[in-house]
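Participant: Chains as they are written, first to last, in our numbering: chain A, 176 to 289; chain B, 1017 to 1124.
These aren't lab readings, by the way, just hints derived from the structure by calculation.
Source: prediction; values computed, not measured.
Careful: at least some of the hints might be erroneous.
Unchecked claim - DEER-style ranges, computed between Cβ atoms:
{"hint": "1", "chain 1": "B", "residue 1": "Thr1036", "chain 2": "A", "residue 2": "Gly191", "range": "44 to 50 Å"}
{"hint": "2", "chain 1": "A", "residue 1": "Glu243", "chain 2": "B", "residue 2": "Lys1069", "range": "27 to 33 Å"}
{"hint": "3", "chain 1": "B", "residue 1": "Gln1025", "chain 2": "A", "residue 2": "Glu258", "range": "23 to 29 Å"}
{"hint": "4", "chain 1": "A", "residue 1": "Glu243", "chain 2": "B", "residue 2": "Thr1091", "range": "26 to 32 Å"}
{"hint": "5", "chain 1": "B", "residue 1": "Thr1091", "chain 2": "A", "residue 2": "Ser233", "range": "36 to 42 Å"}
{"hint": "6", "chain 1": "A", "residue 1": "Asn193", "chain 2": "B", "residue 2": "Phe1034", "range": "46 to 52 Å"}
{"hint": "7", "chain 1": "B", "residue 1": "Asn1080", "chain 2": "A", "residue 2": "Glu258", "range": "40 to 46 Å"}
{"hint": "8", "chain 1": "B", "residue 1": "Gly1056", "chain 2": "A", "residue 2": "Gln192", "range": "22 to 28 Å"}
Unchecked claim - Heads up, simulated SDA-like pairs for lysine to any residue below, C-alpha to C-alpha not over 20 Å straight-line:
{"hint": "9", "chain 1": "B", "residue 1": "Lys1070", "chain 2": "B", "residue 2": "Gln1052"}
{"hint": "10", "chain 1": "A", "residue 1": "Lys186", "chain 2": "B", "residue 2": "Pro1055"}
{"hint": "11", "chain 1": "A", "residue 1": "Lys232", "chain 2": "B", "residue 2": "Tyr1107"}
{"hint": "12", "chain 1": "A", "residue 1": "Lys186", "chain 2": "B", "residue 2": "Gly1058"}
{"hint": "13", "chain 1": "B", "residue 1": "Lys1070", "chain 2": "A", "residue 2": "Phe279"}
{"hint": "14", "chain 1": "A", "residue 1": "Lys232", "chain 2": "B", "residue 2": "Asp1111"}
{"hint": "15", "chain 1": "A", "residue 1": "Lys232", "chain 2": "B", "residue 2": "Asn1108"}
{"hint": "16", "chain 1": "A", "residue 1": "Lys232", "chain 2": "B", "residue 2": "Asn1109"}
{"hint": "17", "chain 1": "B", "residue 1": "Lys1070", "chain 2": "B", "residue 2": "His1085"}
All residues carry an ideal CB built from backbone N, CA and C; glycine is no exception.
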Amino acid sequence: DTGVSQNPRHKITKRGQNVTFRCDPISEHNRLYWYRQTLGQGPEFLTYFQNEAQLEKSRLLSDRFSAERPKGSFSTLEIQRTEQGDSAMYLCASSPGQLNTEAFFGQGTRLTVV
Amino acid sequence: KNEVEQSPQNLTAQEGEFITINCSYSVGISALHWLQQHPGGGIVSLFMLSSGKKKHGRLIATINIQEKHSSLHITASHPRDSAVYICAVLYNNNDMRFGAGTRLTVKP
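This is chain A alone, in the form it adopts within the complex (with noise of 0.2 Å):
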């Protein structure tokens, strides 16, 4: 296994288009996450996945925002009616689920939107 893996890793776009990005965590990892970071600040919470189940959205999700995990292996998020204010490194980061595990982390997506 190759660890988490995320495509695309950069991505530029006009504003008000559609993007999607897609993650691979490791095989049998049943917790998915997502985060975004902006420049200079730790990672923001976004949303997470225990295997095919969307537990909990961060408040930063709004309605332009949507997550799955439909077969609970692989994710994808999509923004819609993209915005400026959008751009910024999406990570997405696996673990087994059970406590006391580590999490694994992909080597983000970068979303410019000009």
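Given the coordinates of chain A, assemble chain B onto it according to the supplied hints.
Facilitator: Chain B in isolation, oriented as in the chain A frame:
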């Protein structure tokens, strides 16, 4: 107010110096991660601990559950240690929250 507070925000050191980064949190947790993030965004987990102390090479992490405080120490710092160090707390429901990070620059 961030529920995970790190200090300092920025730290510049000379090669060889002993470095300490601090993390405080406000509610009980099940574990705490120290993460390292290099330019370009990749995050690497350095430690996960729920009590006591862990050591890996020149890195030492301690946690005091009663005080809700953790420290990351780097001995004999080196320019390649320059990175952002992030504290992340894991709650009992496996929810995870991050500090804002400490940007460390080690000068030769």
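Participant: Regarding Glu243/A and Thr1091/B, is the given constraint of 26 to 32 Å on their beta-carbon distance met?
Facilitator: violated, 45 Å
Participant: Is 23 to 29 Å respected by the C-beta to C-beta distance linking Gln1025/B and Glu258/A?
Facilitator: holds, 27 Å
Participant: How does the Cβ-Cβ distance of Thr1036/B and Gly191/A compare with 44 to 50 Å: does it lie in that range?
Facilitator: holds, 47 Å
Participant: Straight-line Cα separation of Lys232/A and Tyr1107/B no greater than 20 Å?
Facilitator: holds, 15 Å
Participant: Take a quick look at whether Lys232/A and Asn1108/B sit within 20 Å of each other, Cα to Cα.
Facilitator: Since the Cα atoms of Lys232/A and Asn1108/B sit roughly 17 Å apart, the hinted pair holds (cutoff 20 Å).
Participant: Between Asn193/A and Phe1034/B, is the Cβ distance one that fits in 46 to 52 Å?
Facilitator: holds, 49 Å
Participant: Can the restraint linking Lys1070/B and His1085/B be considered satisfied, given a maximum Cα separation of 20 Å?
Facilitator: Holds, at about 15 Å.
Participant: Given the hinted pair Lys1070/B and Phe279/A, is their alpha-carbon gap at most 20 Å?
Facilitator: holds, 19 Å
Participant: Is it true that the CA of Lys232/A sits at most 20 Å from the CA of Asn1109/B?
Facilitator: holds, 14 Å
Participant: Does the alpha-carbon distance linking Lys186/A and Gly1058/B stay inside the 20 Å limit?
Facilitator: holds, 16 Å
Participant: Does the Cβ pair Gly1056/B, Gln192/A satisfy 22 to 28 Å?
Facilitator: holds, 25 Å
Participant: Given the hinted pair Lys1070/B and Gln1052/B, is their alpha-carbon gap at most 20 Å?
Facilitator: holds, 16 Å
When held up to the earlier numbered hints, the structure conflicts with 2, 4 and fits the remainder.
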